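Engineer: Counting along the sequence shown from 1, when you hit position 107 you're at 89 in our numbering, and nothing is skipped either side.
Please keep in mind that the hints were generated in silico from the structure rather than gathered at the bench. Where hints are given, some of them may not hold.
In silico DSS-like pairs for lysine-lysine, Cα to Cα no more than 27 Å straight-line [stated by the list, open to error]: (1) K112 to K102; (2) K21 to K69; (3) K74 to K102; (4) K112 to K57; (5) K112 to K69; (6) K47 to K21; (7) K47 to K57; (8) K74 to K57; (9) K69 to K57.
Just so you know, these numbers come straight off a predicted model, no measurement behind them.
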Amino acid sequence: MVTIRTIDVPQADALATVRQVIEALSASSVVSTSTLVEKTGFSDRHVRYRVATARVLELITDGDKGPTLTVRGRKLLRTRVGSASEKQQLRKAVENCRIVREIVPDLFSASRFNFDEIAKKIMARVGLSKATAERRAQVLRAWRRQLS
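Starting from the given sequences, assemble the full structure and let the hints guide the process.
Structural biologist: Here it is in structure tokens:
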């Protein structure tokens, strides 16, 4: 069993804000957290959460000059905000996300979201405290709601 790093368990609830960060990233010639803070208006901490989430969803990757868009990220940005095609692209990204595949592979197909069970799996696999694991489980539940 491969260890899951804390950073690999997403912290950004709203996928729309993850999109905003990658839009800002794609429009910048110099990519830094401070540039993304300036372009999005998000706090430094929230930019970092959203960049990490975009990385986990394989919307961006680390390049020689910082984060760069992946094919999946470019496909997402070609969709209209709030459209069915945007939702489809985000859902594919979530379904292919390693943490989702390993912790809650039935995220969209299960009849209900078993919050306690998912938080316990996160605790066991990642070694997070109960409170932190519950917070990360909230993210997965928010994604289910946004994309179902």
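Engineer: Now, for every hint given, state plainly whether the structure supports it.
Structural biologist: Hint check:
1. K112 to K102: holds, 8 Å
2. K21 to K69: holds, 24 Å
3. K74 to K102: holds, 25 Å
4. K112 to K57: Roughly 36 Å between the alpha carbons, so the hint for K112 and K57 is violated.
5. K112 to K69: Judged against 27 Å, a Cα distance of about 31 Å means the pair is violated.
6. K47 to K21: Answer holds: K47 to K21 is near 18 Å, not above 27 Å.
7. K47 to K57: holds, 21 Å
8. K74 to K57: holds, 11 Å
9. K69 to K57: holds, 12 Å
Figure legend: structure checked against the earlier numbered hints; hints not met, in rising order: 4 and 5.
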